[in-house]
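The sequence shown begins at 1 in this note's numbering and counts up one residue at a time.
Note that these hints are calculated values from the structure, not bench results. Predicted model only: the values in this text are computed from it and were never measured. Cβ coordinates follow ideal geometry from the N, Cα and C atoms, glycine included. There could be a bad hint or two in this list.
To be verified - Listed below are the simulated SDA-like cross-link pairs for lysine to any residue, each with C-alpha atoms no more than 20 Å apart in a straight line:
| # | residue 1 | residue 2 |
| --- | --- | --- |
| 1 | K243 | R75 |
| 2 | K93 | L50 |
| 3 | K196 | L229 |
| 4 | K196 | G78 |
| 5 | K294 | G242 |
| 6 | K93 | A125 |
| 7 | K222 | S81 |
| 8 | K243 | K222 |
| 9 | K243 | L304 |
| 10 | K93 | F71 |
| 11 | K294 | W26 |
| 12 | K222 | K93 |
| 13 | K222 | A293 |
| 14 | K294 | F206 |
| 15 | K294 | S129 |
| 16 | K222 | R27 |
| 17 | K294 | R75 |
| 18 | K243 | S203 |
| 19 | K93 | G263 |
| 20 | K222 | S33 |
| 21 | K222 | S129 |
| 22 | K243 | R226 |
| 23 | K294 | L50 |
| 24 | K243 | F206 |
| 25 | K243 | W135 |
| 26 | K93 | S129 |
| 27 | K222 | I297 |
| 28 | K196 | I237 |
| 29 | K93 | V266 |
| 30 | K93 | E73 |
| 31 | K243 | K294 |
| 32 | K93 | Y47 |
Claimed, not checked - Distance ranges between label pairs, derived from CB positions:
| # | residue 1 | residue 2 | range |
| --- | --- | --- | --- |
| 33 | D302 | G64 | 43 to 51 Å |
| 34 | W66 | A298 | 29 to 37 Å |
| 35 | D302 | N199 | 12 to 20 Å |
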Amino acid sequence: MAFSKARLTGLLTTLAAPLRPLMPLWRAGTLWSEADGLRMSAAMSFYGILSLAPLLVLLVAVLGWWLDRGFVETRLIGEISAVVGQRGAEVVKQAITSAQEPKEGIIASVIAFGLLISGATGVFAELQSAIERLWRHGGEPPPKVPWWHTASLRLRGLGYILVFGFLLMMSLAVTTALNMVTDWAGAWLPMAWLLKLLNELVSFVFVTGLFAALMRLSSGPKPSLRYLLVGGAVGAILFTLGKHLLAYYLSTAAVVSAYGAAGSLVVLLMWIYFSSAILLFSAGCARAVSDEAKTRIAAARDNLKPESGRN
């Protein structure tokens with residue numbers, strides 16, 4: 001009987017071995033569900049839609065240090081149009097134009113600038129709260145933080161806008177170069193598929209770096225950078241696959257026409273909700289991989305310890 005149990009245990013271990021690399025994904029899904037990922041994604045989509053226009057205004061201003069602002073704004077609207085559609089991009093363009101309109105008087109300008117900064121960094125404060133809740137071990141209550149800590153998160157959000165602007169500038173530069181090569185060599189070299197693949201690779205690297213950078217926004221204990229990059233890579237894969245599925249759904253479900261004039265805003269909310277859910281799942285993956293690595297290291301150290309009773 002003992003022999004049969006041993007064989008059964010060995011058989012189950014052998015069958016489970018191929019699934020072992022997928023266990024962090026299951027653990028990440030559990031963490032995401034326990035932290036109420038759907039509700040947190042909905043909250044982030046609300047903050048995100050309010051922060052979208054001021055965030056893009058600051059982003060255009062940052063990229064305007066190196067590139068022509070008109071070119072940057074056109075490319076950003078083009079990228080948004082490719083993701084959410086033409087009507088959604090028009091809503092974003094109108095919001096950016098309204099936010100950039102000059103205000104009358106010095107006091108009005110100062111107030112407008114303060115609201116711009118507050119709106120652009122508000123989504124980062126909500127993101128910090130969501131990730132810290134997901135990474136909190138054992139259901140620990142959130143620690144009390146002073147007011148200046150919250151203010152420092154807003155300032156840190158400005159720093160991340162600069163980082164995001166730099167990453168986006170590099171992505172735009174590489175994409176523009178690839179498009180120029182495609183136009184130059186596409187007529188006489190069958191390399192369009194290769195350049196398209198390179199473009200997708202650039203987008204994948206950009207999203208991975210962006211997700212990892214956003215996860216580092218958390219001020220509490222966090223996984224090391226390599227685990228954040230693993231989580232960012234998983235999120236980039238899910239984002240790349242999911243954006244095509246969501247675009248297909250939006251094109252067939254008649255969401256815009258169902259909501260009338262608010263249809264474009266609903267599309268933007270759905271995209272931010274989807275992106276927030278993927279980002280939080282990426283954070284769960286980073287913690288799951290980090291916890292598994294710590295467990296393996298602890299088990300290896302226990303095996304290296306000399307057994308009690310040996311000389």
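Going through the hints against the structure:
1. K243 / R75: The hint holds at about 19 Å.
2. K93 / L50: Since the Cα atoms of K93 and L50 sit roughly 14 Å apart, the hinted pair holds (cutoff 20 Å).
3. K196 / L229: Violated, at roughly 24 Å.
4. K196 / G78: 17 Å, holds
5. K294 / G242: Status violated; Cα separation ~31 Å.
6. K93 / A125: It is violated: about 25 Å lies between the C-alpha atoms, which goes past 20 Å.
7. K222 / S81: 35 Å, violated
8. K243 / K222: 28 Å, violated
9. K243 / L304: Status violated; Cα separation ~47 Å.
10. K93 / F71: 14 Å, holds
11. K294 / W26: 17 Å, holds
12. K222 / K93: Status violated; Cα separation ~36 Å.
13. K222 / A293: Distance of about 14 Å is within 20 Å: holds.
14. K294 / F206: 28 Å, violated
15. K294 / S129: 25 Å, violated
16. K222 / R27: The hint holds at about 17 Å.
17. K294 / R75: 43 Å, violated
18. K243 / S203: Distance of about 13 Å is within 20 Å: holds.
19. K93 / G263: 16 Å, holds
20. K222 / S33: The given pair, whose Cα atoms are some 19 Å apart, holds under the 20 Å limit.
21. K222 / S129: Roughly 13 Å separates the two Cα atoms, so the pair holds.
22. K243 / R226: Violated, because 25 Å separates the two Cα atoms, which is more than 20 Å.
23. K294 / L50: Roughly 39 Å separates the two Cα atoms, so the pair is violated.
24. K243 / F206: Satisfied, since the Cα-Cα distance of roughly 15 Å is no more than 20 Å.
25. K243 / W135: With a Cα-Cα distance of about 26 Å, the restraint between K243 and W135 is violated, given a limit of 20 Å.
26. K93 / S129: Status violated; Cα separation ~29 Å.
27. K222 / I297: Given pair K222, I297 holds - Cα atoms ~18 Å apart, limit 20 Å.
28. K196 / I237: 17 Å, holds
29. K93 / V266: Within the cut-off at roughly 16 Å; holds.
30. K93 / E73: 9 Å, holds
31. K243 / K294: Violated, at about 33 Å.
32. K93 / Y47: Holds. K93 to Y47 sits at ~18 Å (cutoff 20 Å).
33. D302 / G64: 43 to 51 Å: Between D302 and G64, where Cβ atoms are some 56 Å apart, the hint is violated.
34. W66 / A298: 29 to 37 Å: 47 Å, violated
35. D302 / N199: 12 to 20 Å: 48 Å, violated
Hints 3, 5, 6, 7, 8, 9, 12, 14, 15, 17, 22, 23, 25, 26, 31, 33, 34, 35 from the list above are not met by this structure, while the remaining hints are.
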